[in-house]
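Engineer: Numbering-wise (the UniProt record's numbering), the sequence shown opens with residue 1 and increments by one.
Among these hints, one or two may not hold up.
Think about it this way: if two alpha-carbon atoms lie no more than 20 Å apart in a straight line, the pair counts; the simulated EDC-like pairs of lysine to aspartate or glutamate are [claimed, not checked]:
#, residue 1, residue 2
1, K155, E214
2, K211, D198
3, K203, D179
4, K203, E221
5, K96, D147
6, K166, D130
7, K205, E167
8, K168, E113
9, K203, E167
10, K100, E146
11, K168, D130
12, K115, E156
13, K155, D108
14, K155, E104
15, K155, E190
16, K166, D200
17, K168, E146
18, K105, E94
19, K166, E146
20, K100, E113
21, K166, E221
22, K166, D147
23, K100, E114
24, K100, E167
25, K100, D169
26, K166, D198
27, K211, D130
28, K100, D178
29, K211, E156
30, K166, D178
31, K112, E167
32, K155, E167
33, K115, E167
34, K105, D206
Taking CB as the label site, the calculated pair distances span [what the hints assert, rightly or not]:
#, residue 1, residue 2, range
35, G195, Y152, 43 to 49 Å
36, P117, E156, 28 to 34 Å
37, E94, L220, 45 to 51 Å
38, I141, T92, 17 to 23 Å
Derived by calculation from the structure, the hints in this document are not laboratory data. All C-beta atoms, glycine included, are put in the ideal place defined by N, C-alpha and C.
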Amino acid sequence: MFRRKKRRGKFIAICFSLLLLGFIYGYVTNDTETPIKPNPNKGVIAETPKNNPEESQNHNNSKDPVETMPNQEDDLNLNLNVEETVNNNLVTEETKLIFKTYYEKSRDTLTKEEKVPIVLIGEPLRSLQDYVSSHYIGWSIRGISEDFIELYRVKETLSPNYYIVKEKDGFIAIFQIDDSGNNILIDQTEIPIFGLGDIDQQKLKDGIPVKNLESVHQILEDYSS
């Protein structure tokens with residue numbers, strides 16, 4: 001009986017010791033510093049390492065030139081190529097003047113070609129460039145070679161390809177756009193506008209632009225029926 005009590009006391013003492021050791025171990029490990037994981041729902045602020053002043057200065061000084069240098073080199077090479085072209089090549093009988101006009105209201109481009117003046121044949125392209133700059137005010141040179149010189153301009157009008165169906169003296173009339181953007185009367189119909197709705201009358205007073213005569217005839221048919 002005594003031995004059983006003695007063994008039971010030893011067993012309890014051992015269990016108590018193990019429990020105490022486990023408590024101490026847990027306390028020590030929990031107290032150890034652990035890395036803090038960033039919350040994925042919040043912005044993560046990356047740690048910024050300390051910069052070497054010399055490295056930082058060199059980086060700042062080299063940023064802008066690296067970004068802008070390619071454009072500067074491209075512009076320089078383009079200018080050099082143009083200078084070389086106009087100085088080392090001659091105007092020939094095959095050299096053409098190409099005129100391109102972009103019309104903003106109709107959003108289309110018309111292209112025309114002409115021969116260069118005879119007096120410039122055999123002259124350096126520089127002479128042709130100077131001639132164009134002085135005779136074609138409002139045009140910009142977009143390209144030049146011994147084969148052609150391309151001129152470009154933008155106009156805030158409809159292109160000459162367009163027609164305008166518009167009211168004139170109470171009747172529907174047809175106008176055509178000339179090269180200067182003016183409305184030229186080409187037909188006065190006998191279709192009155194007083195019988196039309198307010199919206200249609202306002203459209204005709206403002207003018208309805210159309211690209212071809214087929215569209216013009218369709219509009220006249222709609223308003224005359």
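Engineer: Would you mind marking each hint as holding or not holding in the structure?
Structural biologist: The hints, checked one at a time:
{"no.": "1", "hint": "K155 with E214", "result": "violated, 25 Å"}
{"no.": "2", "hint": "K211 with D198", "result": "violated, 24 Å"}
{"no.": "3", "hint": "K203 with D179", "result": "violated, 24 Å"}
{"no.": "4", "hint": "K203 with E221", "result": "holds, 16 Å"}
{"no.": "5", "hint": "K96 with D147", "result": "holds, 6 Å"}
{"no.": "6", "hint": "K166 with D130", "result": "violated, 43 Å"}
{"no.": "7", "hint": "K205 with E167", "result": "holds, 5 Å"}
{"no.": "8", "hint": "K168 with E113", "result": "violated, 36 Å"}
{"no.": "9", "hint": "K203 with E167", "result": "holds, 9 Å"}
{"no.": "10", "hint": "K100 with E146", "result": "holds, 18 Å"}
{"no.": "11", "hint": "K168 with D130", "result": "violated, 46 Å"}
{"no.": "12", "hint": "K115 with E156", "result": "violated, 27 Å"}
{"no.": "13", "hint": "K155 with D108", "result": "holds, 10 Å"}
{"no.": "14", "hint": "K155 with E104", "result": "holds, 6 Å"}
{"no.": "15", "hint": "K155 with E190", "result": "violated, 33 Å"}
{"no.": "16", "hint": "K166 with D200", "result": "holds, 11 Å"}
{"no.": "17", "hint": "K168 with E146", "result": "violated, 50 Å"}
{"no.": "18", "hint": "K105 with E94", "result": "violated, 34 Å"}
{"no.": "19", "hint": "K166 with E146", "result": "violated, 46 Å"}
{"no.": "20", "hint": "K100 with E113", "result": "holds, 9 Å"}
{"no.": "21", "hint": "K166 with E221", "result": "holds, 14 Å"}
{"no.": "22", "hint": "K166 with D147", "result": "violated, 44 Å"}
{"no.": "23", "hint": "K100 with E114", "result": "holds, 12 Å"}
{"no.": "24", "hint": "K100 with E167", "result": "violated, 32 Å"}
{"no.": "25", "hint": "K100 with D169", "result": "violated, 37 Å"}
{"no.": "26", "hint": "K166 with D198", "result": "holds, 14 Å"}
{"no.": "27", "hint": "K211 with D130", "result": "violated, 37 Å"}
{"no.": "28", "hint": "K100 with D178", "result": "holds, 16 Å"}
{"no.": "29", "hint": "K211 with E156", "result": "holds, 17 Å"}
{"no.": "30", "hint": "K166 with D178", "result": "holds, 16 Å"}
{"no.": "31", "hint": "K112 with E167", "result": "violated, 32 Å"}
{"no.": "32", "hint": "K155 with E167", "result": "violated, 25 Å"}
{"no.": "33", "hint": "K115 with E167", "result": "violated, 41 Å"}
{"no.": "34", "hint": "K105 with D206", "result": "holds, 14 Å"}
{"no.": "35", "hint": "G195 with Y152: 43 to 49 Å", "result": "holds, 46 Å"}
{"no.": "36", "hint": "P117 with E156: 28 to 34 Å", "result": "holds, 30 Å"}
{"no.": "37", "hint": "E94 with L220: 45 to 51 Å", "result": "holds, 46 Å"}
{"no.": "38", "hint": "I141 with T92: 17 to 23 Å", "result": "holds, 18 Å"}
Of the numbered hints listed earlier, those contradicted by the structure are 1, 2, 3, 6, 8, 11, 12, 15, 17, 18, 19, 22, 24, 25, 27, 31, 32, 33.
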